[in-house]
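Colleague: What follows is the residue order along each chain.
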Amino acid sequence: MSFLQNSLPYILAGISVGGQYALIAIGYTMVYGILRLINFAHGDVFMAAGMFMVFLSASMPLGAAIPLVLLLTVLLGFLIERAAYKPLRSAPRMSVMISAIGVSYLIQNCALYFTGGLAKVYPQLPWLSDTVTVFGAVTKRVTLITPVLTILLVIGLSLFIKHTKVGIAMRAVSKDFETARLMGIKVNSVISATFIIGSLLAAVGSLLYFTNYASVTPTSGGMPGLKCFVAAVFGGIGSIPGAVIGAFIIGICENIIKGLGWTTFSDAFTFALLIIILLVKPTGLFGEKATDKV
Amino acid sequence: MDLRKNKKRDALLTFIAIAAMLTVLLVMELTMKSTSILFTVLKKGMIYALVAVSMNLLNGFTGLFSLGQAGFMLIGAYTYAILSMPTSVKLGDTVYKYYDCAINLELGIFPSLLLAGLFAAVFAALIGFPVLRLKSDYLAIATLGFAEILRAVFQWDKMGPVTNGANVLRQYKDLTKLRIPFTDIKFPPTLFCFLVAGLCIAIIVLLINSSYGRAFKAIRDDEIAAEAMGINLFKHKEMSFVISSFFAGVSGALLAMYQYTVQAAQFKTAMTYEILLIVVIGGIGSVTGSCIASFLFIACNEWWLRFLDESSNNILGLNILRSGFRKVVFSVIIMIIVLFFSKGIMGEREFSWNWLHKRKKTAATEEVSGDG
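Residue numbers (the working numbering), protein chains in the order written: chain A, 1 to 294; chain B, 295 to 666.
Next comes chain A alone, as it looks inside the complex (with noise of 0.2 Å):
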């Protein structure tokens, strides 16, 4: 009993973490199974979600804010996407990557323009923020409420992949970039719809995310965006339960290690973790057979 209530807090910390980051890497999954592009911008979309939200909420209430949020960081996907991807289609992977990686630069340093390189504290959202106890240990309604948000959010977005038209596109379009043209299958349109749909996710995760951190800086979505595309190929890139369940695993297992003192790996963790996973199984826990990473 002693060691559940020991061991509690960081167990549901980790299921918490780990839904935010199944969110995030949602993002990363779906771009690299369209474009095959590790959107190194996609953690400082989810950061900017986060500073958009400490901006608005100075300015407005909540009720308006958090709609607006998630219509801005929206919009900041897709802006990046259509400026920053899109001139690049036929030139080979790494200079979109390089792009990638200038997209992440200027975002940062915008975000450190806009906050004087202060961290910024984030608002407290009423409700999420409260503190509940389960099973004696304590902890925020936000840690309770985020499996449940994110589960539903996956459903839901398996559903939309599986049942629309948009979601069938998709599906062809990572299948075969090429045919999927052919077929007269709007391709641009589908990979704008992609960023669209892993922008909003990354809100939404950062919404529960900063709520359990109180603040924001500029270099806050680094990390944890390389921590999401860790799991998006722990998972198999590309499969969408795949990057969900490899998320989760990720942050339960850094939650336990910070449990058992060893904070200064936690991050180490997941990269060891990556290595691993790219050398035995390269393919991930549910990717596709045919593969070209090794």
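Calculated directly from the structure, the hints in this document are not laboratory data.
As the structure is a prediction and not an experimental result, all values here were calculated from the model.
One or more hints might be untrue.
Said to hold, decoys possible - Taking lysine to aspartate or glutamate pairs in the DMTMM-like style, the calculated list, with each CA pair at most 25 Å apart, reads:
#1 B:Lys-511 to B:Glu-521
#2 B:Lys-429 to A:Asp-176
#3 B:Lys-511 to B:Glu-642
#4 B:Lys-429 to B:Glu-521
#5 B:Lys-429 to B:Asp-516
#6 B:Lys-655 to B:Asp-304
#7 B:Lys-301 to B:Glu-642
#8 B:Lys-327 to B:Glu-596
#9 B:Lys-452 to A:Asp-267
#10 B:Lys-429 to B:Glu-517
#11 A:Lys-281 to B:Glu-532
#12 A:Lys-258 to B:Asp-451
#13 B:Lys-562 to A:Asp-267
#14 A:Lys-281 to B:Glu-517
#15 B:Lys-429 to A:Asp-267
#16 B:Lys-429 to A:Glu-178
#17 B:Lys-452 to B:Asp-394
As the list claims (entries may be wrong) - Not close to chain A: a few residues of chain B, all C-beta gaps over 12 Å, as computed:
#18 Ile-312
#19 Phe-486
#20 Leu-590
Each residue gets a CB set at the ideal place from its N, CA and C atoms; glycine is no exception.
Fit chain B to the known structure of chain A by using the hints.
Modeller: Then chain B, alone, in the frame of chain A:
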């Protein structure tokens, strides 16, 4: 006959140019104030030029997209700082406040520099075995991951007796402690950076022009064809990776000398990104491009665009100019280069005397034809 003569002439011209540059540098350092921003830019620019060229050797000449440069610089910087720190400082309480230093060894500047490179190279050789089997973006993310792991290990408190944990290392032999051998006269620090980094870059250039360099380029252009020509892919990739890391380690050591203090927290992914952007601006696959871009990058970052940060310079009456605006402008410029001038400053070309000669000739003929 003509070709050989040209080659001789080029070698002579290069020698004269380098000698002239170093002399100018020496004169400048002896006459100008050493705190001048020009020297900061020159020193840091040269150090970044070395690491950019070492990254270019991997990314531009061997086609291995590696993002581990900051990690290798970290190894180099720490090795240098720990080895060159005087024993009295190590035993004292000023640097190793919370730990007892486990390394009771004090080396001179050059052995420390060399070992800094070697340690980075050994580490690269070790991780090269698993990592170099990966391709393109997976290689990038795996090397980036190793750099992050390294940073965590160096900050680990169990490593405290060696690395001083997450605390700062200082009081080692930095640039101000340089002396001309056997005397007590100060050695000009900027000249020192140029000599060491310049020598390293020269070695890389020689390597690129050797048969190994041609093998690297063959691997970059087409792995399968290269393998069919009898090039051992893994051996050459590993070699390029190890050599690149060696020089990244040396440049990390130089950076430590330049900065007076070292802390693992500084060697973040953002640092690798900056170096990558330098390589891209200069042109992937051009050594001269990397050097030029590095000086431009550092000069813009530290000097020329500084005025954008000063709020007193507001012309339009708006409050746009304030701290951080420089970086925004700077990253917009970088994005423009990445999107519209993807070849960078030099593309894959190198500076050559022939090219300069031809330019002069065409300019002359144009002038003549213009007159006629």
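Colleague: Each hint should be assessed against the structure and marked as holding or not.
Modeller: Now for the hints, and whether the structure bears them out:
no.	hint	in the structure
1	B:Lys-511 to B:Glu-521	holds (12 Å)
2	B:Lys-429 to A:Asp-176	holds (21 Å)
3	B:Lys-511 to B:Glu-642	holds (12 Å)
4	B:Lys-429 to B:Glu-521	holds (16 Å)
5	B:Lys-429 to B:Asp-516	holds (13 Å)
6	B:Lys-655 to B:Asp-304	holds (17 Å)
7	B:Lys-301 to B:Glu-642	holds (21 Å)
8	B:Lys-327 to B:Glu-596	holds (18 Å)
9	B:Lys-452 to A:Asp-267	holds (17 Å)
10	B:Lys-429 to B:Glu-517	holds (11 Å)
11	A:Lys-281 to B:Glu-532	holds (22 Å)
12	A:Lys-258 to B:Asp-451	holds (15 Å)
13	B:Lys-562 to A:Asp-267	holds (13 Å)
14	A:Lys-281 to B:Glu-517	holds (23 Å)
15	B:Lys-429 to A:Asp-267	holds (23 Å)
16	B:Lys-429 to A:Glu-178	holds (23 Å)
17	B:Lys-452 to B:Asp-394	holds (12 Å)
18	Ile-312	holds (32 Å)
19	Phe-486	holds (31 Å)
20	Leu-590	holds (16 Å)
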